[in-house]
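S.K.: Whole structure, please, built from the sequences with the hints as guidance.
The listed protein sequences derive, respectively, from chains A and B. Here the first sequence stands for residues 226 to 380, where the numbers follow this note's numbering. Here the second sequence stands for residues 117 to 617, where the numbers follow this note's numbering.
To be clear, the hints were calculated from the coordinates, so they are not data collected in a lab. Be aware that a few hints might be false.
With a straight-line cut-off of 20 angstroms between C-alpha atoms, the simulated EDC-like cross-links for lysine to aspartate or glutamate are [claimed, not checked]:
#1 B/Lys219 with B/Glu341
#2 A/Lys314 with B/Asp315
#3 A/Lys334 with B/Glu341
#4 A/Lys334 with A/Glu296
#5 A/Lys284 with B/Asp301
#6 A/Lys250 with B/Glu569
#7 A/Lys227 with B/Glu341
#8 A/Lys250 with B/Glu411
#9 B/Lys404 with B/Glu362
#10 B/Lys219 with B/Glu362
#11 A/Lys227 with B/Asp545
#12 B/Lys505 with A/Glu296
Simulated coverage check for chain B against chain A, where a stretch passes if three residues somewhere in it have a Cβ under 8 angstroms from a Cβ of chain A [what the hints assert, rightly or not]:
#13 267 to 273
#14 410 to 424
Which chain B residues stay away from chain A? Per the calculated CB distances, all over 12 angstroms, these [stated by the list, open to error]:
#15 Gln122
#16 Phe127
#17 Gly220
#18 Val286
#19 Thr359
#20 His405
#21 Met463
#22 Glu467
#23 Arg468
#24 Leu491
#25 Gln495
#26 Tyr591
#27 Ile599
#28 Lys610
Idealized CB from N, CA, C, for every residue including glycine.
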Amino acid sequence: MKERIVSLGILVFAMVYTAGAIALKVGTLAQPGAGQFPAAIAITLLAISAFHAWLTFRKTAEKEEGHSWTELAPAGIAAALVVYPILLKTLSFLLSTFIVLFALLLLLKFKTRKISFLTALVTTILSFIIFSGLLGVVVPSGVMEQFILKILELG
Amino acid sequence: MDILHQLMMGFQVAATPINLLWALIGAFVGTIVGVLPGIGPLGSMAILLSFTLKMDATTAMIFFAGIYYGAMYGGSTTSILLNIPGEAASVVTCIDGYKMAQKGRGGAALTISAVGSFVAGTLSIIGLMFAASVLADAALKFGPPEFFAIGAIGLLFLVRLSGGSLIKNVIMLLLGLALSTVGTDRLHGSARFTFGISDLGQGVEFLPVAMGLFGIAEVMLTAVEKEDMGEMIRIRMRDLLPTLAEWKRSIAPIFRGSLLGFFIGLLPGPSPVISTFVSYMAEKKISKHPEEFGEGAIEGVAGPESANNAAVGGAYVPLLALGVPFTPAMAVVVGALMLHGITPGPMMMSERPQLFWGVIASMYLGNVMLLVLNLPMVQLFAQITKVPKPILLPLITLLCLIGVYSVNSSYVDLYVLALFGILGFVLRDLGYSPAPLVLALVIGPMMETALRESLMINQGAIAPMIFRPIAGTIYLAAALGLIVPAVLTAVHRKKDPALAA
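M.R.: In structure tokens:
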């Protein structure tokens, strides 16, 4: 089932990509346009992904191999990845990083809640000091970030 | 003589305190990465890319080289002591290494592995030095048709050698090429597949894609895997000394492994991994005691461990001489060079000799550091495998997130990371190898530009693109490389029906 879903997903992508590639100017062999290379890839991808999808549907259903995609740990990590940029945009670096890290530690059952909280707190502050203070990476900052940078400057 | 002079200059660059320090840190981090199952040299190099932003380009390259060959050293430790390969290139070492450890010869296996890695590493750097110089000189005569030929043939070999399902590898390759067309067209300046998102104008960034497919996907896969750690075999310092007989039996496999590894390293694909299997099979075939293989034969450790280190040197040749990465790890190195405004290629050797020769000289020094670092600290490195997953995985995820954001301060890059992390988990779970996609994404733009320029130069005629002396030789060599093994296999199958079954 998983194989069939993925092969269909790739086929749909190939169709959409082909539509987009054909819409670009293909040009001639002597004067290739912006769409020539994408069109060549699109047609090949469409043919191969259609053949692959046909193979997966022709095969009799076997016992599913691999992991379950709905297990809590990978689903939680996926959710954290999607949520992080949204939080980073609205809450600034320290708070968003702390929330995501604390959630991941709880999700993966790292010792007690108290230890997870402290670990997330210390790691977040340390990562801010390393990336922003030492490496000079510009991260979304609020009052707390400015406060830490001030302390670092005084130090 | 000129090469020796340049190498001396390289040693002056590599021996500065800052470069020595980063070579040591790289070797140390690489060893840890090699020891830890799950996160490989590629993932760690991608994660640490942001750390190189403030470094000089030469220092960044020295740091990455240290990580890459450090990982090859470290991978053997857990294979021998715990029967757990730290990374894919150490799988073969488990077979005889762990058996030796069970028989009380684990220390000897570790020493032979470290010495073999050192010898192979040093020999492959000599090979890299000469091969890259010759190839870079030759590449100055290359035009667009030759660069297209190298890209196309490289990807073809990659698909063939990546292992697993051929059709899945082809699909991943085409997906990578499709992604490489996103962004502003280089020749006409028109936007392609950007959907009005200005951040996509520069194309899909390689870093979040690689970190998603290798780093995040690995974290998600590790999170669902059951822990199955064997009993660690303890080693005392005095156990580290091999017997005279073990030394004698190891010398030839070390040299054979070095030679095989270097040449396999030149090929596209997971060359360090392939080299270990080829070396193991070769040693078993020519051994006077093939029955000992699988039961603790020292040759089964010496050959493969030398081969995977030599393959690292080989993998650097196409990158440094042609600017074409043939392994995903080399693609990260290209990413790091690009971040510093350097486009790798045949001109790099003449335009930036300090970088080219500094990196090569640092590899010699790094190999000595690894030999000194690894043996006395072997027990400590083995303990690193005990770091619990519930703390390790969130930290790697955090490093990926901050690492990706820090390069361009882009939220789009974070979404790309999330997308490819999730896709990587799903695809890798079903046996799709991410390497063809990542390499096609990097090589794709070069191939497209080369193809279109070739067509324009030849007014649309395809034959003159193929039948040029250099391009024609590349196609012919590739055809022989792909067809001859297939024909030989078919002939063997016909002779021996058992093989066909």
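S.K.: All hints are to be evaluated individually against the structure, with a verdict given for each.
M.R.: Each hint, compared with the structure:
Using a Cα cut-off of 20 angstroms, the hinted pair B/Lys219 and B/Glu341 is violated, with the two alpha carbons roughly 30 angstroms apart. About 16 angstroms separates the Cα atoms of A/Lys314 and B/Asp315, which keeps this hinted pair within 20 angstroms; it holds. Distance hint between A/Lys334 and B/Glu341 is fulfilled; the C-alpha atoms sit about 15 angstroms from each other, no more than 20 angstroms. Distance restraint check for A/Lys334 and A/Glu296: the Cα-Cα separation of roughly 14 angstroms lies within the 20 angstroms cut-off, and the hinted pair is therefore satisfied.
At roughly 41 angstroms between alpha-carbon atoms, A/Lys284 and B/Asp301 are farther apart than 20 angstroms, so this suggested pair is violated. For a cut-off of 20 angstroms, the pair hint linking A/Lys250 to B/Glu569 stands: about 17 angstroms separates their Cα positions. Proximity of A/Lys227 to B/Glu341 is assessed by CA-CA distance (about 18 angstroms); at most 20 angstroms being required, the pair is judged to hold. Distance check on the hinted pair: A/Lys250 and B/Glu411 sit about 63 angstroms apart at the alpha-carbon level, beyond 20 angstroms; violated.
For the hint linking B/Lys404 to B/Glu362, the alpha-carbon distance of about 14 angstroms falls within 20 angstroms, and the restraint holds. At most 20 angstroms may separate the alpha-carbon atoms for a hinted pair to count; B/Lys219 and B/Glu362 meet this at roughly 14 angstroms. Of the supplied pair hints, the one linking A/Lys227 and B/Asp545 holds, its CA atoms being roughly 10 angstroms apart against a limit of 20 angstroms. Only pairs whose Cα atoms come within 20 angstroms are accepted, and B/Lys505 paired with A/Glu296 is accepted, the gap being roughly 16 angstroms.
Closer than 8 angstroms: that is the beta-carbon criterion, and the stretch 267 to 273 of chain B has 0 residues meeting it against chain A, so the requirement of 3 is violated. Residues of the stretch 410 to 424 of chain B lying with their CB closer than 8 angstroms to a CB of chain A number 0, which falls below the three-residue condition for coverage. In this structure B/Gln122 is separated from chain A by more than 12 angstroms, as the shortest Cβ-Cβ distance comes to about 32 angstroms. The beta carbon of B/Phe127 is kept farther than 12 angstroms from every beta carbon of chain A, the shortest such distance being approximately 29 angstroms.
With a closest Cβ-Cβ approach of about 37 angstroms to chain A, B/Gly220 is found to remain outside the 12 angstroms limit, as its non-interface label requires. The claim that B/Val286 is not at the interface with chain A is violated, since a C-beta of that chain comes within 12 angstroms of its own (minimum 6 angstroms). Remark: the non-interface label on B/Thr359 is consistent with the geometry, its nearest Cβ contact in chain A lying 45 angstroms away (cut-off 12 angstroms). Separation of B/His405 from chain A is adequate, the least Cβ-Cβ distance of about 38 angstroms exceeding the 12 angstroms criterion.
Look at B/Met463: its CB is around 25 angstroms from the nearest CB on chain A, clear of 12 angstroms, so calling it non-interface holds up. Residue placement check: B/Glu467 keeps its beta carbon more than 12 angstroms from all beta carbons of chain A (closest about 28 angstroms). Against the 12 angstroms criterion, B/Arg468 stays outside the reach of chain A, whose nearest CB is about 24 angstroms from its own CB. Listed as outside the interface, B/Leu491 is consistent with that label: its C-beta sits roughly 31 angstroms from the nearest C-beta of chain A, beyond the 12 angstroms cut-off.
Here B/Gln495 stays apart from chain A, with its beta-carbon at least about 25 angstroms from theirs, past the 12 angstroms limit. With 12 angstroms as the threshold on Cβ separation, the claim that B/Tyr591 sits away from chain A holds: the shortest Cβ distance comes to roughly 18 angstroms. No beta-carbon of chain A is positioned within 12 angstroms of the beta-carbon of B/Ile599; the least distance is around 21 angstroms. Here B/Lys610 stays apart from chain A, with its beta-carbon at least about 27 angstroms from theirs, past the 12 angstroms limit.
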